[in-house]
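Enquirer: Given chain A, put chain B in place with the hints provided.
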Amino acid sequence: MQTFVTEAVDWPDTAPALRERVRALVAEHGERDQVRRANSWTKPDPQFSRKLGKAGLLGMTWPKEYGGHERSQLERYVAIEELLAAGAPVGAHWIADRQSGPLLLRLGNEELKRRWVPAIARGEAFACIGLSEPGSGSDLASVRTAARRDGDGWVLDGQKVWTTGAHVSHFMIALVRTEAGSERQKGLSQLVVPMDTPGVTVKPIVDLTGAHEFNEVFFDQVRLPGSALLGTEGEGWKQATAELSLERSGPERYLSSMVLFLELVRHASVHRNPELDMLVGRLAAEAWTLRLMSASVAAKLARGEDPALEATMVKDLGNSYEQAIPQLVQAAVDFGSPDNEVLRAVCFYLLQVSPSFSLRGGTREIVKGIIARGLGLR
Amino acid sequence: MSDTRRMLAEMVDPLFAELGPDATEAKDLSRLEQLGLPLLLVPEDEGGFGGDWIDALTVFRLAGYHALGIDIPALAVERADGGQCEQTMAFARTCQIAGALDAALALSVAYANERQQFGRPLGKFQAVQQSLAGFACEAAAANCAAMGAAQALDRGDAGFEIAAAKLRANRAVEVGTTVAHQVHGAIGFTQEYALHHLTRRLWQWRSEYGNDAYWSRRLGEHVIEDGADAFWPNLTARTDP
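Protein chains in written order, with UniProt numbering: chain A, 1 to 378; chain B, 1 to 241.
These are calculated hints, taken from the structure and not from any lab test. Source: prediction; values computed, not measured. Since no wrong hints were added, every one of them can be taken at face value.
25 Å max Cα-Cα, derived SDA-like pairs, lysine to any residue:
1. A:Lys300 with B:Leu153
2. A:Lys300 with B:Asp240
3. B:Lys124 with A:Arg378
4. B:Lys124 with B:Gly185
5. A:Lys300 with B:Ala106
6. B:Lys124 with A:Gln2
7. A:Lys51 with A:Tyr66
8. B:Lys124 with A:Ala308
9. A:Lys54 with A:Glu28
10. B:Lys124 with A:Arg364
11. B:Lys124 with A:Ile366
12. A:Lys300 with B:Thr236
13. A:Lys238 with A:Ala308
14. A:Lys203 with A:Leu140
15. B:Lys124 with A:Arg184
16. B:Lys124 with A:Glu365
17. A:Lys300 with B:Arg5
18. B:Lys124 with A:Ser138
19. B:Lys124 with A:Leu309
20. A:Lys300 with B:Asp154
21. A:Lys113 with A:Glu75
22. A:Lys203 with A:Gly137
23. B:Lys124 with A:Leu140
24. A:Lys300 with B:Asp52
25. B:Lys124 with A:Met1
26. B:Lys124 with B:Tyr111
27. A:Lys186 with A:Trp162
28. A:Lys54 with A:Tyr66
29. A:Lys113 with A:Arg303
30. A:Lys300 with B:Ile54
31. A:Lys300 with B:Ala9
Pulled out of the complex, with its shape left as it was, chain A reads as follows:
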């Protein structure tokens, strides 16, 4: 048995130059505040997204015909790991660039592709994902939001919840029931819903830190054209779960607390003691390993393989790592001392937001269930 097929990742020759470009751009326009650098892929900054668009760093792998830059998947990987490691505010475009754009290119009709994909690549169109509903969290197949045919178009009614970035997004790709009376995974489809359509209402949900990242989204008699259907009617479940492979193994699954690790290194270089040395060593080893695992999945995805099991393992390990960092730092560092202000602020911020790391993109329990099935259990 070898559950994670390891391989030597062939990093692109262009990587060093690409890193320099991203680093320069972040140094000039990135986030200065260390707390806001933590978990930076949930921090929207539309201006920064447009700058990345201008620099050719969005839609990097997409066809030029749709505003992309036809770079390789690993080149994109290099660019995004640089942005995340630097704590750049990539939240506005993150979902659109990571999964909505690729999904539209793969399954979208020409009208949808022309309308959205080039705008995503320019950093001007942002997306959100409509999955969870009030009665439908981990049990995603129980979605009840429904669209019925009306002439050539659709009429959408229902509600989504925990929708990250709905308030800054231009469109949602929603998983909805398109066959009345259908149950579970059957009869579901994906619809592209422009957020400015009449009948769409976004209400903020404020999180425990006081921040507004996710929302409730209500659909009241929302009229959509026939072209809003993404892919095949009734295949929504398959389409939506295939999309999850793309989002489970990226560097955002282990780098959310990187800024705190770096602050810990800064602290430990002033306050030398063997315990801190060992903690830094342990966290560095884990970062090194997770980077290889995540990149190895990216290399497999780039070849058109579907390393679903490996991707899921990266998410589980990565989330546990980024959650452990604030706990370990708090246990090891005396926050009573006045020269620890930045370290303390970043740590306390991450202590509060890190519970979400093993909820978003599939809870730890769901993720481990998927791994167990991949191992041949059940």
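Expert: Here is chain B on its own, set in the frame of chain A:
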């Protein structure tokens, strides 16, 4: 995997499986010599096998997987280095840990699917599934760490990677051996059942050529001396072309 590497694995796998934990140098070394394994790392023009470090990973990992009774990594490293270099042996133990964890995981999954309690296989219970999933992640991390170190050795300087890989593999031993024994219940604790060949070696290898404290301290000192701002640029420069 390249064709020669696949051939190497296909030769070594059944032999190690056959020899297993009971192999001794006195009885079985000639079988290993027939395949040229003690000379694995000696260059071809010096009459050796001329393997690279990913070949070494392949062979050492299988030695761990089958709990081979002969310390073939030590023999191969001794022939290549003239002595047992601490770093190279730490790499070897990392590869063996990776293999033994995968083997213990395979045994545990098979046992969980076979053993019935409360009228169904253990593998149907969520608590057992979640434990084994965690074990699989640790085994995966150890295997990826071993591969990362092998690649670094092929590039040249691998001090950072070997430290990180041995440390990561050491940490995986804890979850792996704990879950393997827990899932197996009492049978896994017997001399008759094969699990102890793996787990007792895993506990031994975790201590050999640098335990967690040793490598975490060395790695930590190194990272701290380079400074916070150098961490990420150094990490990426080590893999970039």
